[in-house]
Amino acid sequence: MFDVFELQQQLVLAARPSGSEQGIGALIAALAKPFCDEIRTDALGNVICRKAGPGKKIMFSAHMDVIGFIALKADKSGNILVDKIGGQRAAQLNHTPVRFENGVRGVVRLKTNDKAASALGMGDLYIDIGASSDKEAMELVPVGTRAMFDTPTELLEGGKLLTPYADDLTACAAQLMAMEMVKNNHNDLYFVFSVQEEVGCKGAGVAAFGIAPDLGVACDVCYCADDPAAKRDMVVKMGQGATIKIKDVGSIGTPEAVEFLRAAARDAGESWQDEILTGGGTDTRTIQLSRDGVAAACISIPCRGIHSPAEMVAVSDVESAARLMAAAAARAL
Amino acid sequence: MNYFETIRDLAKVAMPAGFEEPQAAAIAALAKPWCDEITSDIQGNLICHKKGSGEKIMISAHMDVPGFMAMVQQKDGLVKFASMGYKVPADLQHCRVITESGVTGVIRCEFKDASAKPSAIKDSDLYLDLGVSTAEEANALAPAGSLFRLQPWARQLHGRRFMTPYANDLAGCAVLLDVMERLGETDYDVYFVFSVRELEGQTGAACAAWQIKPQQAIVVDCVRTGDEPAAPKDHYALKMGAGSGIKMKEQGFLSNPQVTLALRETARKAGLTWQMDIKADGLSDASRVQRVDGGIFTGGVSIPCRGEGGPVQILDENDLEQCANLLLAYLED
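As they're listed, the protein sequences go chains H and X. To convert, note that position 53 of the first sequence is 53 in the numbering used here; the numbers rise steadily by one, no gaps. To convert, note that position 185 of the second sequence is 185 in the numbering used here; the numbers rise steadily by one, no gaps.
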C-alpha cells in the first residue's frame, strides 16, 4: 500500500515544470506498472495507464507538471532573470529558495514591494545564485534551464502535508493509490498522468482525444475556505474529505458525471464535500471539450496556500480522493 | 574555520532574544579550548576572557536570532503572533517555522485584494498556520507565550557563498570563534562577548560593557549590502565579496575615529580587503555600548549580508574570513 507522505517526497524530487515531465513520467510509470495492464507515453509526454475491462471507458487524469521558472539571461552582477512557467504570483515569491534542474541553488528576490500585487510580474524579480558576473552566471545556468521551488515536504502534527507541490502531485499520489485499490474492474479504465496543465491544460486534452472516454474525471487541488491566504467564498475545508466539483472557472461539471461520482461515493459509503471553485481551472475543461464532447467532472483535494512554496493538504483528504476515484472506477457506467 | 558548518550547526539550536541559553551553551563548548575563562552574566551574555597585560578590549557579536511569540489562538485554528527582529512583514509569507516543542507550521498572510501592495502588509496580517482547525488544537501545539522561529537550514550557493535564515548574527559569533582560535600574541586583555537581546532593545552588550569596562569595543554584526537589485537604493554602501566592513555610521551611531582609523590603518598594513560601512538606518549594539559608563571608544566590523533582516540571508565566506583577519591583525598589531 502506498504511503502518501513517502510517495509525495518521491514525486517532488522528480517533478519539473510544465514541458519537462519526462523524469516524473518515468517514475510514475514504474510505480504504476504493477497495477495496470498497459502503459504508454504519448507524443506530449502524458503517461497513460490502462486497466482493461469489457465495459465503457473512464479516463481519470491528474497532472504531473508543476509551476516553476525558466532562465532567460543573467544581469551584470550575476543574477538570473527568469520567466514563469505556470501561474506564479510574484507578490508571494520573495525569498523563496529554488533549485535549478542542474542542481544549482538560489533564492528569489523581489526588486520592489511597493507595487500592487497584481502588477508585480517576473520582471520585478530575479534569482540570486551567488554568482558575481553575467558570464559566470550563464555558465552555471544556461538559457532555458528550469527551476523549481526548493522547500521540503514535511508531515505535520495532525496528518497534514506541507510541500511545495501538493498541486498536483498529491492528486497523482491519490490516482496511484486508486489504481492499487481497484480490483476486477468492469469498466475499461485509463489513468492519465497529464502534462502541461499549468500552462493551459494541454496534456489532458490530447490524452482524452486519444482515449475517447465515455466519462472523464480530473483530479486536482482546490482552494479552501479556511485558508487565510486565499479567502474564498467556499464551503470547502481542509481535512473534511475530498470534494466532488460542481463548477470551476474553466468548466461546469457535466451533471450526469457529477451525479455518477456522487452515486459511486454514496454506494461506497464515502463522504465528500461539494465544491464550487471561484478561482482557477482544471483539466476537466479540456477533457470535456475533447472530440465532440466528453461527460466530465472532477475530484479535488482541498489545499491551503495554492501555488506557494508551502502548499498544505490533509493526508486524509488525499486518501479520501483515492477512495472516491476507486469507487467511481468500480461502478458500472 | 568552516563558517558554513559552524553557522549551520549554531542555527539548529539558536533561539530568539531572551531565550539564548541553547546557543550560549553551544558557543561556550566551542570557545572553551581557546580562552582562559568563560562566564555568563545576569542577562545571559556569554563572556569569554583571553587574558592579557594591556588595555581591555571588548569584541562582541550578538547570539540572539529573530523569532516569534504566539499570542492568540483563533477559533479557526490560526495563531496570531508577535514578530521579533524581522523588518518587512511581507517577507514572511509562506515561510516554514518550527515551534520550541518541535512542531512544524507555516506563516500565512491574510489576502486583502490583488491591488494591495506587499509593502502595505502589516505584522497583524500574518498568522501561524499549524494545519489545525480549532483553537484547542492550536493551543496544544503553540500556546500563548510559546516561541517559534524559522526552520533552521543552510544551503551552499556558488563559490564560497551560502544562504540561511540565520546569518544575523551567528556569522558574527562564528567570526569571534575563529578569531579566538587563531589569536596569537597580543597585549590586549581581550573579552569576547556573545551578547543577548540585540534584536529586541540592544540590551545585552551594553550590560556586558558596563561590567567589563573596556577602553574600546568592537561590535561585529551583519549589515545589509547595497549591491543587489532588491536592496533599498542609496542606503547601504557594503558589497558582497568585497571584504570586511569598517563601520563608520549607522542610525544614531558614529564610530569613534580612534577605532575606525586604527582599524583602517591595520587593514592597510596587513594588505586586507576592506570597505567602509556607512548607512542611514539600522541599529547594532554599538550605539548603547558607546554610552556605557563614562563612554567607550566604539567601532564596528561589519559582515556584508544580502537580505539581512529577512528570512533568507546570503553570506560570502571570503568576507567572513576577511573580518576575522582584520580583527586578528588589530589585536596582534
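It is worth saying that the hints were derived from the structure and are not from the lab. Be careful, since some hints might not be right.
Within a straight-line C-alpha distance of at most 30 Å, the following computed DSS-like cross-link-like pairs (lysine-lysine) qualify [stated by the list, open to error]:
id, chain 1, residue 1, chain 2, residue 2
1, H, Lys84, X, Lys75
2, X, Lys75, H, Lys111
3, H, Lys51, H, Lys33
4, X, Lys233, X, Lys249
5, X, Lys213, H, Lys115
6, X, Lys32, H, Lys231
7, H, Lys237, X, Lys117
8, H, Lys231, X, Lys249
9, X, Lys249, H, Lys111
Which chain H residues face chain X? A few, computed with CB under 7 Å, are given here [said to hold, decoys possible]:
id, residue
10, His95
11, Asn113
12, Ala117
13, Ser118
14, Thr153
15, Glu157
16, Leu162
17, Ala225
18, Asp226
19, Ala229
20, Ser308
21, Met312
22, Ser316
Distance ranges between label pairs, derived from CB positions [what the hints assert, rightly or not]:
id, chain 1, residue 1, chain 2, residue 2, range
23, H, Lys231, X, Lys32, 45 to 55 Å
24, H, Leu13, X, Gly102, 17 to 27 Å
25, X, Thr134, H, Glu180, 28 to 38 Å
26, H, Lys76, X, Asn2, 29 to 39 Å
27, X, Leu254, H, Ala225, 19 to 29 Å
28, H, Lys231, X, Ser101, 51 to 61 Å
29, H, Thr112, X, Gly252, 22 to 32 Å
30, X, Glu5, H, Glu139, 23 to 33 Å
31, H, Glu136, X, Asp293, 23 to 33 Å
Glycine residues also receive a C-beta, built at the ideal position from the N, C-alpha and C atoms.
Could you tell me which of the numbered hints above are not met by this structure, giving the numbers in increasing order?
-> Hints 1, 2, 5, 6, 8, 14, 17, 22, 27, 28 and 31 not satisfied by this model.
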